[in-house]
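Asks: One letter stands for each residue in the lines below.
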Amino acid sequence: DTGVSQDPRHKITKRGQNVTFRCDPISEHNRLYWYRQTLGQGPEFLTYFQNEAQLEKSRLLSDRFSAERPKGSFSTLEIQRTEQGDSAMYLCASSWAGNTDTQYFGPGTRLTVL
Amino acid sequence: TQLLEQSPQFLSIQEGENLTVYCNSSSVFSSLQWYRQEPGEGPVLLVTVVTGGEVKKLKRLTFQFGDARKDSSLHITAAQTGDTGLYLCAGARNQGGKLIFGQGTELSVKP
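Note that the protein sequences, when read in sequence, are chains A and B. Taking the numbering used here, the leading residue of the first sequence gets 1, the next gets one more, and so forth. Taking the numbering used here, the leading residue of the second sequence gets 115, the next gets one more, and so forth.
Isolated chain B (complex conformation):
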């Protein structure tokens, strides 16, 4: 059972375009993390969102946690080739320290 569904799974865009990646669940999470992973490497933490409705910005990246803490989105403005990679959302639940990951969104930004 995939508790966290990410969409789209694959995204290929031109440099300078905007994009949004979605992470949805029917379950409530105490927090949600976004990671970026490059081939052959471990995931690198981008942000943690904790409060329902919270919006966090990291340069050209904007992260939002849904009001009900069941979903999240990542918006990238004016994508650059360096944004290419696998974007993973991961949710934490109150009963334990483990993270539950979505299947990832593979982003390719072409020059």
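If we strip away everything but chain A, and leave its shape as in the complex, we get:
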């Protein structure tokens, strides 16, 4: 199966530490999205890339968050100086640029900040 994969699936960290998550999209997809989902809520958009270009960032993405997609394939999402409010499920999705509405999600990375 060549669906979207994310690593790690779970991360527990202490407040103030930096964490990095990885997303590998479906291989032929050129758009990659990051969303965040807290308990009892639907996912909220964070940012997206077309190939290596970051085209949009949400206001939710504070300056402690940075995302990259250096070669237009996998992407990383880094959170610096984590806070307890960062605890959430971080979801990655991918799509074709010609069919951006149909996005396929990975299993997510569950972040817990103690």
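No wet-lab data here; the hints were simulated from the structure. Small disclaimer: the values here were computed from a predicted structure and weren't measured. Each residue gets a CB set at the ideal place from its N, CA and C atoms; glycine is no exception. Heads up, none of these hints are tricks.
In the DMTMM-like style, the derived pairs of lysine to aspartate or glutamate whose C-alpha atoms are separated by at most 20 Å in a straight line are:
1. LYS170/B - ASP101/A
2. LYS184/B - ASP101/A
3. LYS11/A - GLU155/B
4. LYS171/B - ASP101/A
Far from chain B, by Cβ distances over 10 Å, these chain A residues were calculated:
5. PRO8
6. GLY16
7. ASN18
8. VAL19
9. ALA53
10. PHE65
11. PRO70
12. SER73
13. GLU78
14. ARG81
15. GLU83
16. GLN84
Use these hints to put chain B onto chain A, whose structure you have.
Replies: Positioned in the frame of chain A, the structure of chain B alone reads:
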């Protein structure tokens, strides 16, 4: 501001019953997606509806997009315990690739 409102938020029914979940907005969407999500997993795409008034069927699930492309519904016939999960609607707008999600409907189907 919640652009997409789902109702009900929670639904507990017996196996074999029918149910409908609604997704409403005052905004127009170019398309609307329905996803199903299980605890600890990512959302799994069920369907995309694009045309106002469109109806799509997926086995016991029937999806409808409103004529004005502002609302959608998901109807499940003869629910099964395997239908248990969080159902999310998500709308796409013309200005970007991001999806705007509703808050979800938590469905529990009891045997």
